[in-house]
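> One letter stands for each residue in the lines below.
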Amino acid sequence: EAGVTQSPTHLIKTRGQQATLRCSPISGHTSVYWYQQALGLGLQFLLWYDEGEERNRGNFPPRFSGRQFPNYSSELNVNALELEDSALYLCASSVRDRGYEQYFGPGTRLTVT
Amino acid sequence: GDSVTQMEGPVTLSEEAFLTINCTYTATGYPSLFWYVQYPGEGLQLLLKATKADDKGSNKGFEATYRKETTSFHLEKGSVQVSDSAVYFCALSEWAGNMLTFGGGTRLMVKP
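In order, the protein sequence lines correspond to chains G and B. Residues in the first sequence are numbered from 1 upward in steps of one, following this note's numbering. Residues in the second sequence are numbered from 1 upward in steps of one, following this note's numbering.
Hint data in this document are derived by calculation from the structure and do not stem from the laboratory. Treat the hints with care, since some could be wrong.
[As the list claims (entries may be wrong)] Covered stretches of chain G (chain B as the covering partner; in silico rule of three or more C-beta atoms under 8 Å from a C-beta of chain B):
(1) 33-43
(2) 92-102
[Claimed, not checked] EDC-like, lysine to aspartate or glutamate: derived pairs with alpha carbons at most 16 Å apart:
(3) B:K52 - G:E101
(4) B:K68 - B:D54
(5) B:K49 - G:E101
Built from N, CA and C at the ideal position, the CB exists for glycine as well.
Excised from the complex, chain B in its bound form:
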């Protein structure tokens, strides 16, 4: 079955540091890939997505590129802020409308 693996946290960074959260996936077809963010006490918010190979999703300074050859969708941000502290989930969907399969989540803590 499908699966998503992402680096375990917590990841602790200083403000303005560079962020990378690794995500790799296993799927039988050509899934769509997503990053969701969960702030403390809240539900999940869609951060960015990519629907085909070599697509780059971007939002709020975050970027991720769909790499089919390495089955990866790593999340990056050039300069993190304290307000980026949250749990980040990588996810895939085999086809539009189908369920999301999530990775285990990575907690990011940004210190001033």
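So here's chain G without its partners, still in its complex pose:
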């Protein structure tokens, strides 16, 4: 089966702009998670969507937002970009039948200049 896919692979933005990152889960998976992997800060949980609803949110400001579409794909939006938003953004998907094990995509590298 195809794995979790993310696009774009790399994204370069200027401070103050908006960034949109996309994630397609494994076929049949209904949950999508977003994590930020910033240099020196490890992996931090951002958002969890399940069946189109936001289920949980990490300790990030409101300018980090997202949504899940009817086909279970997801979008992460980051508004008013700041230099410290530069990071690798990882998406994961899961489904109840597989014990909610999270399977990760390759990530989108966001660079803010």
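Using the hints provided, position chain B relative to the given structure of chain G.
Chain B in isolation, oriented as in the chain G frame:
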């Protein structure tokens, strides 16, 4: 809140050496525990997991046992290979479907 602490790296070993990466956790309930591996330039791959006390997760020669009394989930491998060079993350989830809380990661470098 929940937290995971793992030994800082990098850990440098010779091929066929024994590997231990320590991981301890703090959680209010009875979490599930995981080890993920991240190879250079790639996303995370689930290496193994354990969902209750005394469970042993194993995969590709790696093992870890869920020790509730010491709140630990140490990763071990009897004989490492150069191809095991990667960053290893210990993580927990309070309940199925919930977010993962990760440790800081441990970089393993295996030299021929």
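> All the hints need checking, so say for each whether the structure fits it.
Each hint, compared with the structure:
{"no.": "1", "hint": "33-43", "in the structure": "holds (count 4)"}
{"no.": "2", "hint": "92-102", "in the structure": "holds (count 7)"}
{"no.": "3", "hint": "B:K52 - G:E101", "in the structure": "15 Å, holds"}
{"no.": "4", "hint": "B:K68 - B:D54", "in the structure": "7 Å, holds"}
{"no.": "5", "hint": "B:K49 - G:E101", "in the structure": "9 Å, holds"}
When held up to the earlier numbered hints, the structure conflicts with none and fits them all.
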